[in-house]
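Engineer: Counting from 217, one number per residue, gives the positions in the sequence shown under this note's numbering.
To be clear, the hints were calculated from the coordinates, so they are not data collected in a lab. Hints may contain errors.
Stated by the list, open to error - Have a look at the derived ranges for each label pair, beta carbon to beta carbon:
1. T277 - A254: 36 to 44 Å
2. W390 - K273: 38 to 46 Å
3. R471 - T295: 20 to 28 Å
4. K273 - P468: 50 to 58 Å
Glycine is no exception: its CB is placed at the ideal position from the N, C-alpha and C atoms.
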Amino acid sequence: MARKKYKYVDYLWDDKKAKSLKGDEVALFLYRSNILGADLRITNFGGGNTSCKTIEKDPLTKKETEVMWVKGSGGDIGTLTRQGIAGLYTDRLRALKNIYRGLKYEDEMVGLLYHCIYDLDSRAPSIDTPLHGLLPFKHIDHLHPDALIAIAAAKDSQKITKEIWGDKMGWVPWRRPGFELALELEKCLAENPKIRGIVLGSHGLFTWGDTSYDCYVNSLEVIEKASSYIEKQKRKRKRATFGGQRIKSLPPTQRINQAAEIAPILRGL
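Based on the provided sequences and hints, a complete structural model is requested.
Structural biologist: Quick look at the structure:
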């Protein structure tokens, strides 16, 4: 694959590394997660989550079944390993819709995620697990890019989303992560089947792809377009974004010296 060039994010996909994984979808999902997490403009440390869906053999029925592998609770995608993910039966996860009693009882759904576990060595599923499970795509990224947060948190977030991507991106208003938000993402996709992702108001971004590589590139392209829009608005208005710098940074040496002075105090020494 030809190496793609971006101005506002780093393209870190290495074909040689990817080929060495020999089509292992879980390994490719972990690789994608790590290179996304390596660029802090894409997501903050510990933030966001990623997933993939594969066909596995059920240990009881011996029949093929779809399993979703997703970053577990408390992990960081930049350092995510096999030990940090949860594996759940996709059909059981989606069947939770049949017993969901509504927003008032949303918290009870968290405990029910454990009844969907496929991999007995799973990390605890995070509250974002249903957001990945109710979407049909094989590979999904949920990220908190700087540029997307700026747009998602804007007063006219929905309008700006439409201005940037037209009909190619969905938008949902802010809601606490959980089963209700998962249903809203599912509904947004059903009403807009050709979108490439969804902006979550005051929250972040969901993007997807048929392969780990497609998902990775889709995420980068969406972030790149958002970043470009912000830069154009900055030039157009001829003033600093977010009010500009208020306090001038100290020289590096002085910053190091001050950090050395206060570190023992912060540590209680």
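Engineer: Among all the numbered hints in the text so far, which are the ones the structure does not match?
Structural biologist: none
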